Every structure is written in C-alpha cells, then in structure tokens.
Amino acid sequence: MIIVNCQLISKNFGRVVALKNISLDIEKGEIFGLIGPDGAGKTTLFRILTSLILADSGHATVDGLDVVKDFRELRKRIGYMPGRFSLYQDLSVEENLNFYATVFNTTVEENYHLISDIYRQIEPFKQRRAGKLSGGMKQKLALSCALIHKPTVLFLDEPTTGVDPVSRKEFWEMLKKLKKEGITIVVSTPYMDEARLCDHIALIQHGQILSIASPEKITASFPEKLYQAYSENNYLLLLELRKNPGVKSAFMSGEFLHIVFKDGNVDGNIPNLTEIEPTIEDCFIYLMNRIADGAEILPGSAYN
Amino acid sequence: MLRYLIEKEFKQTFRNAFIPKLILVFPFLVLLVFPWAADQEIKNLNVIVIDRDHSTLSKRLSEKIRASTYFNLIASAETNDAGIAIIEDGKSDMLLDIQPGFEKNLMNRGEASVMISANAVDIMKGGLSSGYMNAIVRDFAAEIRAEQIPEAGKANIPHIQIIPQARFNSFLDYKTFMIPALIVILMTLLCGFLPALNIVSEKETGTIEQINVTPVSKFFFILGKLIPYWTIGLFVFTVTLCLAGLIYGLVPKSNLPTIYLSVLIYISTVSGLGLVISNYSSTLQQAMFVIFFFLIIFILISGLFTPIASMPQWAQTFTCFNPLRYFIEIMRMTFLKGSGFADIWRQLSALAVYSIMLNGLALVSYRKR
Chain S
5 MIIVNCQLIS
15 KNFGRVVALK
25 NISLDIEKGE
35 IFGLIGPDGA
45 GKTTLFRILT
55 SLILADSGHA
65 TVDGLDVVKD
75 FRELRKRIGY
85 MPGRFSLYQD
95 LSVEENLNFY
105 ATVFNTTVEE
115 NYHLISDIYR
125 QIEPFKQRRA
135 GKLSGGMKQK
145 LALSCALIHK
155 PTVLFLDEPT
165 TGVDPVSRKE
175 FWEMLKKLKK
185 EGITIVVSTP
195 YMDEARLCDH
205 IALIQHGQIL
215 SIASPEKITA
225 SFPEKLYQAY
235 SENNYLLLLE
245 LRKNPGVKSA
255 FMSGEFLHIV
265 FKDGNVDGNI
275 PNLTEIEPTI
285 EDCFIYLMNR
295 IADGAEILPG
305 SAYN
Chain L
2 MLRYLIEKEF
12 KQTFRNAFIP
22 KLILVFPFLV
32 LLVFPWAADQ
42 EIKNLNVIVI
52 DRDHSTLSKR
62 LSEKIRASTY
72 FNLIASAETN
82 DAGIAIIEDG
92 KSDMLLDIQP
102 GFEKNLMNRG
112 EASVMISANA
122 VDIMKGGLSS
132 GYMNAIVRDF
142 AAEIRAEQIP
152 EAGKANIPHI
162 QIIPQARFNS
172 FLDYKTFMIP
182 ALIVILMTLL
192 CGFLPALNIV
202 SEKETGTIEQ
212 INVTPVSKFF
222 FILGKLIPYW
232 TIGLFVFTVT
242 LCLAGLIYGL
252 VPKSNLPTIY
262 LSVLIYISTV
272 SGLGLVISNY
282 SSTLQQAMFV
292 IFFFLIIFIL
302 ISGLFTPIAS
312 MPQWAQTFTC
322 FNPLRYFIEI
332 MRMTFLKGSG
342 FADIWRQLSA
352 LAVYSIMLNG
362 LALVSYRKR
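Chains S and L supply the protein sequences, listed in that same order. For the first sequence, position 271 (counting from the first letter as 1) is numbered 275 according to the working numbering, and the numbering increases by one without interruption. For the second sequence, position 130 (counting from the first letter as 1) is numbered 131 according to the working numbering, and the numbering increases by one without interruption.
Since the hints were made in silico from the structure, they are not lab data. Because the structure is a prediction, the values reported are computed rather than measured.
Keeping only pairs whose Cα atoms sit at most 20 Å apart, straight-line, the calculated SDA-like set for lysine to any residue is: (1) S:K130 <-> L:Q13; (2) S:K142 <-> L:E210; (3) S:K266 <-> S:L241; (4) S:K154 <-> L:I212; (5) L:K9 <-> S:T106; (6) S:K154 <-> S:W176; (7) S:K80 <-> L:I212; (8) S:K154 <-> S:Y116; (9) L:K204 <-> S:Q93.
Using the sequences and the hints given, assemble the complete structure.
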C-alpha cells in the first residue's frame, strides 16, 4: 500500500529552483531514504510533505490525506523531526515530552511502549533542561517527542548529521525497531553509507530525483564495470587518470580511486587495479555526471 | 489545549533568568527613578555675578540670587571676559553682569540695566535659567520700587495682581504629570513588544517549526503567547497603580472600571502592533530594530515630553497615527481630571479602530506565510 505519494512537486524560492517535478511513492511500513548532498532539496520536500510550506505546483498525499487541503488532520497523524533541534531548550526533558503529548491530545503513558527503548536512555536526565543535553541525547529526546502521538508516518530530516558513528549506528537500530511497530519512516541523509539501511531510496540532487529503487537494485544495475586503484600518491594518480583518454571518470573514494573506463576496457598501466562492486556513492556520482553531460531524467527506473 | 500552551509560556517566562526580574524592577523604576530623571524643572544652576558697581544695591541683588533655590552663586569675576571664560570651561551655566553706576542710575534716573548671559548648549536649560534670572531681577526691581514710594501714596497706585491657579495639578508637580504617561510606555513594552520578541525568538530557534506540525492551530498558538503577557501587563499595571498611590499619593480621579477598560483596549492595540512586527521579522535582530524604530518615533510624537499643541501642524497630524498619544491622553485625563467615558470616548474609539486594523493586518500577514 502506498502511504506517501508525490506527483510533480515543484518549488522555487525566488529564482532558486529547490524542487523540480518530484514524483515518488513510499510503501507503508518501509524505511525510505532521501539521499543527497546539502542543498539538494531534501528539507524542502520534507516541509512540503509535513504541510509547513506549500508547493508551487504538483500535489502530494500522506496517509491518504492531501497535504494542502487536509493539513489539520494530517498533522495529527505525522511525526516530524527537523534537522535542527527544535524543542524548548528551557524546558526539561520530561516537560518537553509531556508538552508534546498534551498538544497531540494524548499522554506519555498511552504510547510509552513506542518510545520506551529510546526514552529509557535519557530518563535518568529527565529533570535536566533540554538545552543542556548532549547532542546524542537531544536527538533521542527529539525522536521521543516526534513519536509520542504514535504517528503513522515519521519524517526525520537529517537525523544523523553531526552525530558520532556509534550513535548513528544506534539510531538506525532504533529506526528498525520502529519499523517493526508498523511506522513508515521517511529519512533524509547526506551520508551515502546509510542508504543501504533503507528499503528504498531516492537519490536527489539540485531538486531533481536521479533514481528511485531499492539500494540493492541501484548498485546491481550500475551499467559499467567499476575498478579501484591506489598508489603512494593518489592525487598524482588521479591527475594522470583524468588526462588518460581511455578513462571515462575517476574520483577519490576514501583511500582508493574509483575508475570507470570508456567502453569497459582497461586502459593504461594503473597500480593495484581491481574490479569492485559499486557502492551507492559510485552510483550517485555516475548519475550526477550523466546529468551534467546533458542526459534526461526519466522518473520511474533506477537507470534511464 | 490553550491551558497547556499558557502553562508552558509561564513556565518558560519564569525560568528565564532575566524577564521576571525585569517585570518586577520595571514598575519600581518607572515610579521611583524615571519621574525624577524626566523632571524638567531645573535647579542648582551655577551662576557667576560680575559686580562692577560694588554698591549696596548691587550687593543686595547678589544676595537675592544666592538665597534662591534655583541658583548656586559659585564665583564672582571682575570682567565680562573672565566670566565668559568660566562658562566656556563648563563650570558655570550663566552670568549676571552688573554695570558700573547701577545704584546711581537706579536711584537718579529710575532705571538701570544688567546683562544676563546663559549657556544655551542645552537649549532647555539655557532658556529656563535666563527665565528664572529674569524673574528674580524683576522681583528685585519691584522691591526697590515699593521701598521708594512713600507709605501714604501706596494705596493710590493701581496695580493688578495675578494669582495663577493650576487646575488638576495644583502644584504643577512634574511627577504627577509624568507617571500616568510612563505607565503607557510600560504597557507598550510588556504587552506589545515582549510577546513580539518571544514569537520571533521561537522562529529563530526553530521551535515554531515543531509546533507547526502539531494540531495546535496558529490562533491558539498566538493566543497562548499573548494571554500570559496580558496577565503580566495587568498585574504590573495594578502594582504600579498601588505604588503611585502609596509613594506619591497619586490616586486616579476616575473610577477603576473606566481605567481598566481603557487599559484593556490599549493592550489589544499594542499587542496587535507587536504581532504585525513579529510576522514580518524572521530574526530577533530585525525585530529589535523595528521595535526601536517604532518606540522612538512613538515616544517623540506622543506628547510624553513635549506638548502636542506646540508641534507644527504636520507633526500634529502625524500624532493621530500614534496609539501611544491616545492612551497617554486617556491616562492623564483619567488620573488627573477624573474624566469619564463621555470625555475619553474619542480617544478610546481611536484606539479601538487601531486595534481592529492592526490585529486584522496581523491575521492577514500571518496567513500569507
């Protein structure tokens, strides 16, 4: 069952194009990732889907409700955790949670089972003001507050940005548990490695969707052979590769260089060259380059 | 729902390190400090007398000045230039130059002149001080004249004595005049600008974003912001009223329902203005600047310090757009004159009209976003 549906959503801020003809469907009960760099339009899409701003054109439904017409009913059913910590810093942990429970016309006790795993970790500090919590604890509190009314769809805008690797892992564990409760989770992130933790992902860049599919499908249907190489001086090697007419693209990925050759043929004497499986990041860069070369974006398939 | 919003607002307000103290200190400052600081009566003026006559009469004039509470006779100089030099140093506010032959001329010809030079860098002080000095010299002349006229003839000389009577403020007490108006400034800050800053700070910290995705409607959200400040405003007003009675014996002459109704109408007007400002500001800095802009202009053309009647016609027209003007008039009329509804309905309806306009504008501009 489709729970979130966007059809040709566009939004401009003055002359800046934030979103251009975004169409996507999100299945009920899945974790859907919106993957893209800063400024790709992820937050804008979230704000449209949570009824905070209006799209210039197109329309969207969440849980069967139109985000413009039925916004009042919609707000009762969704949970939203903005990228920036947006709870009251001068209220205590407990007061924030109680406040958000009461404005949603519920009580903490009623849905405590949903948040107990998360909230239990910050409960020892429940008298502390929210502003005085550490980054990881703030995030747990924000998640608890977004969940307290048992939303059907949970929107998380860059929940792991600026969070340490251990807390990030923990956070994704929490999301998996929430998924088991039947909550649909829409999460945005600039981290490509988090993409494989989602059921479906949309790669988004400059307000346009490059591809929507499961992460496995996206990496499996990478249309080229991908190689990695490394040398003592990777930068020098990169410059050499870029001059090589047989190389289609070359870029750094961690301590390796990822290379795609023209026509799939290895060209030149390159140190430590091995064929590898592409990651989401490789796919993203590949798609990005294709757009830059003037390729059309056709929504619907992983590669088009 | 509204109850929780208001409860939250009060919790935050009283948890703030600064605002509760400000709310307490404000009425005390307004009553105990500002009326004295804003007093335009000038006392303790430093004056130099240049006595070039050295006669009995010139000494008597110096003594008269020394005896006055308005002046401190700080030095005497021999020449006008020496006196001016002292004024230039800023040690003296004015000088009185008694010409040689003062006594002789006065006795023989019945007239003599003295020169008053006042430092008019502060135009108010310069004007007032030479006025005071003028009055003292005139008084001195009258004394001399009375002494010169033989006792028997006195009754036959016709003269008019003017006895001024100041109505509504018999002693022309500046504090009585200022306190009702200062209360207006207090209410403007508490009920107009504080909630505006509060709303903008929610925008700036992003907490409004989280509230906006809850079922809390904008109307309730704003009402939840305003009601606490209205409550605080009314509380502070009541405290100020009691303090003014206790400290200065300044008890409003009109009945309390009239005064409180006016206060309520004014509160709705300024909070409307605050809301408009908060709708158009996205940062605290911007909101603060707009508030300063309005506050300064409103105070300058409100009749708080300078009477509206003495402004040029265009400025008088301008004051009609200033809600502060109406409320200051209402407060002074109700406190001092004991005016009832019949007397203040014009100002009240002006405030009501502005209230409807500003709140309407606030509603429209909020919807747009």
